[in-house]
Amino acid sequence: MPGARRRALGTPALSGGLALGYLSLIVLIPLAAVVAKAADGGWHHFWQVAWNREARAALELTFELAGGVVAVNAVTGTALAWTLVRDDFPGKSIVNAIVDLPFALPTIVAGLTLLALYGPTGGVGVDVAYTRWGVLMALLFVTLPFVVRTVQPVLIELDRDMEEAAASLGAGRFTIFRRIVFPHLLPALLSGVALAFARAIGEFGAVILIAGNLPFKTEVASLYVFEHINSDDPTGASALAVLMLVISFTLLLTIGGLRRWATRHDR
Amino acid sequence: MTRYGVRTLSLGYLAVILVAPVGLIFWRAFEQGLHPFWAAISNPIAVHALKLTLEITVIAVPLNTAFGILCAIAIVRHRIPGMGLVNALVDLPLALSPVVVGLALYLLYGRDGWFGHWLLAHGVQVLFALPAMVLATMFVSLPFVVREVVPVLREIGTQQEEAAATLGASALTTFRRITFPAIRWAVAYGVVLTTARSLGEFGAVSIVSGGIEGRTQTLTQYVQASYENFDQTGAYAASVLLAALAVTTLLLMTVVKRGDRSS
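Protein sequences, first through last, are from chains W and B. Just add 15 to wherever you are in the first sequence, counting from 1, and you've got this note's numbering. Just add 1 to wherever you are in the second sequence, counting from 1, and you've got this note's numbering.
Simulated from the structure, these hints should not be mistaken for laboratory data. Fair warning: there could be bad hints in the mix.
Residues of chain W placed beyond 12 Å of chain B at every Cβ, according to the derived structure [what the hints assert, rightly or not]:
(1) ARG101
(2) MET177
(3) LEU229
(4) GLU242
Just so you have them, the derived chain W footprint on chain B, three or more residues with Cβ under 8 Å [unchecked claim]:
(5) 36-49
(6) 93-102
Idealized CB from N, CA, C, for every residue including glycine.
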């Protein structure tokens, strides 16, 4: 009954038009302004501006750190999800709630807390302020929940019969994990690390206090954009921002694809 | 043995990255008692920053909620050309750096911007004022309600809505009596997430606000400014306030999840 469906929730043209209009006004037109600014001087000029030494260094550092974030999160995120699903200890539900804290905590606060403990006045014998290690730590803080929250539900749903069968056939724990559990977790793990990677590429609030303003040393892509806006170079900022936009969109499509792969058995 | 190894690794990591640093700022904020903490957050600049943050949130959250529900309905229920694109683009703010968002609004509403030029000529100041800060907040918190409502709308199907329409219910009545009750927990969860994101937004807002003390400085910017001016007590106190709001959010999320399960 297409007629009834149409009536059920108002006319498609109205709701669709409003939704599209809202999205255009809030998201699309502003982003188009960035692309237009970057394209102002033509293709050649764009590459000249986007591919200067400082911008390249910032992009390289950003990708290196995001790669580190992926590696660490793949291990610790899976371990945390495993602990929350298969292990049992007092206070587990509190730990489960705490994992979400980085989602709720403002990023500037995240950076400040790390500086308070691991900064110059922290008193634990390290000082990560203005270092790449500090920036990595800030990124690990804000990306902590992603892998846990994508892997955890898959682990909960995972049928344990197969593992028991494997164990009864003499497979060791590591073999069981590698041959049975891991292949099932892989799609969720990949979409979790992809989300963490995307977040790490663009993170700003958590890193600004720790990174300071040190081009070629701790300047990641987001800081580069920020500094170039501040120094009244919107074209330079836009050039790198367009690259970040392309990276974000590509990652988003990848994550969408991974999600469909992860849920392929449900359909 | 493997179990204890994994447990030690995961809990140890959580402690080092998350629990110890966050715990420390609570300790630092209160180590000299309640009085210095209170003095730090009750100074006029901090109070203004808190008020501004709340003001932005109160404007941005209802708008994003209304349009979030509308967007979700348009994506799931109406097969209109262009909705696939909307579906893909709605997630973009989740993956996009807040500085890109800030830059976009900075360019659009700046003196030479497509909109800014005309608006300034008509005496409307958007950039470095409340409107730009609201727009930035709306951009970064746009996906949450949509993302929560879309799967629920898909799951509940259209039978009841169609039945109501067949029995002569108007579109509004159908929405109010059938659709909304079914999606209300998803909406509530989305609203909590939108609020948390709005209260904590920093990057996009800091580019478009100008960050003038007592005028366009939000609470997150106050944290940054205090830290950079070596006022650690002020920075810790405001951070604790924001962290307390974040913990409240977590508690609300747990409550909403429970409500969802029991319904």
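Can you list which hints this structure breaks, lowest number first? The structure breaks hints 1, 4 and 5; every other hint is satisfied.
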